[in-house]
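**Q** Make the full structure from the sequences, and use the hints.
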Amino acid sequence: MSATDLHQMGVAELAAAIADKKTSAVEAAQHLLSRAKVHEGLGAYLAFNEDATMAQAKVADARVAAGERGALLGVPLAHKDIFVTTDFPTTAGSRMLEGYQSPFDATVVQRLAAAGAVTLGKLNCDEFAMGSGNDNSAYAPAHNPWDTARVPGGSSGGSAAAVAARLVPAATGTDTGGSIRQPASFTGITGIKPTYGRCSRYGMVAFASSLDQAGPMARSAADCAVLLSAMAGPDIDRDSTSLDHPAENYSLALAQPRVGASAALPLKGLRIGLPKEFFGEGCAPDVLATVRAALTEYEKLGATLVDISLPRTELSIPVYYVIAPAEASSNLSRFDGVKFGHRAEKFDDLNDMYRKSRSEGFGPEVQRRIMIGTYVLSHGYYDAYYLQAQKIRRLIAQDFQQAFASQCDVIAGPVAPTVAWKIGEKSADPLANYLADIYTLSTSLAGLPGMSVPAGFGAGNMPVGLQLVGNYFKEGELLQAAHAFQLATDWHTRTPEGF
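Residue 429 in the working numbering sits at position 396 of the sequence shown; the count goes up by one each step and never skips.
Where hints are given, some of them may not hold.
The calculated lysine to aspartate or glutamate pairs, modelled on EDC-like cross-linking and capped at a C-alpha distance of 20 Å, are [unchecked claim]: (1) 455 - 101; (2) 309 - 180; (3) 55 - 120; (4) 301 - 332; (5) 333 - 510.
Because the hints were derived from the structure by calculation, they are not lab data.
**A** Here is the structure:
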């Protein structure tokens with residue numbers, strides 16, 4: 034097998050090639066590391082450790098030689114730099130953690146390694162996962178391989194760019210308010226945020242504890258199913274937010290036929306709800322046209338489209354930008370220059386050390402959110418802002434439950450109102466960045482699973498994703514719906530020119 038073919042393979046295809054000894058884990062890792070260096074200007078990676086990568090690949094090859102087979106055995110992956118790792122530095126895209134080396138691996142990293150995956154490196158992200166374009170990284174912005182003058186989305190922009198550019202077959206990401214789904218949409222790949230609590234948060238640098246959730250990013254729903262099967266599962270001894278819900282083999286859901294379905298109509302009986310709030314004037318015409326075309330394809334596959342309403346959608350932005358900064362203010366208070374993290378070189382006293390260390394270590398967006406969060410938690414404002422936001426959050430979740438109870442099985446719509454914008458275009462206007470999350474925030478606030486599926490191209494020949502949202506623990510149903518769509522279309526196979 035030619036080494037040049039390796040980067041075009043997805044997770045399942047590469048795992049089969051390694052198992053059948055048509056290639057090796059070492060060869061795959063070497064090839065993809067070489068590609069990463071060739072395309073270093075994309076800004077997808079923040080750190081490598083070739084010795085550690087090769088050692089992992091050799092162990093995987095030894096397991097294959099001993100007769101072992103596995104869905105991820107020997108497959109190279111890369112991790113968003115928000116997951117702590119022993120063999121690679123973890124910075125969370127921030128100067129505050131520059132050079133930090135963790136004494137333990139995150140649970141997600143551990144589980145993928147146990148399945149035989151080989152870590153290529155750590156991927157760029159918005160600082161502490163705060164951003165929608167990956168231009169808040171303290172080191173350098175990541176670029177969209179479809180147009181390197183544009184953002185790849187955020188905060189998991191490095192993960193999305195690496196997968197789209199064929200630098201790695203799949204990667205981990207995290208989604209707080211849309212940070213897996215939006216970059217997946219902007220770069221033409223598949224990404225899924227599972228039900229909150231399905232993947233352990235242990236070893237994931239915290240931004241907003243009641244919202245942060247890990248998930249996979251890959252080219253196809255089938256590959257995401259393989260990764261999510263390894264990542265998900267209870268971790269209640271180490272993560273208080275982990276759900277005591279058994280792990281599942283999501284790949285089985287893809288092959289399991291729906292009741293009453295057929296080869297010609299694999300999604301017969303599936304009711305897809307279309308919230309009127311997702312299809313209004315706020316969405317660009319090119320995005321709407323692409324999403325509508327994808328929904329027409331779903332009808333051809335047997336699904337039924339149902340008009341629904343999620344009336345509190347527009348409230349998700351103010352609610353999210355009260356709750357998330359409040360939790361960030363609490364979580365990031367530990368970075369004070371004392372135990373770990375950046376410490377200012379010159380200071381007069383303890384308070385001056387705190388002030389200078391945090392001012393130097395945190396970037397503008399992180400500082401902005403810490404200040405907002407501290408304000409809404411302060412005496413006299415807690416009841417007026419934070420408490421009210423939590424009440425509305427409950428109502429937003431109820432809107433979804435009312436729809437799922439009687440009207441639909443899955444909810445669909447755009448992931449973002451526009452295609453990817455130019456790097457720096459929204460840097461001076463934080464509110465414009467926040468408004469770009471209008472279609473993803475409510476799902477995160479409700480703790481529901483959601484995913485982005487490549488659906489076509491919009492203005493500037495830039496990718497557009499279709500968002501699918503399911504009820505709690507319905508990741509299998511989402512993946513099945515996405516997989517059926519991908520068997521009938523080829524949007525997820527398109528490769529950016531030059532990659």
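**Q** Each of the hints needs a verdict: does it hold here or not?
**A** Comparing the hints with the structure gives:
no.: 1; hint: 455 - 101; verdict: violated (46 Å)
no.: 2; hint: 309 - 180; verdict: violated (31 Å)
no.: 3; hint: 55 - 120; verdict: violated (28 Å)
no.: 4; hint: 301 - 332; verdict: holds (9 Å)
no.: 5; hint: 333 - 510; verdict: holds (18 Å)
Going down the numbered hints, you'll see the structure goes against 1, 2 and 3, while the others check out.
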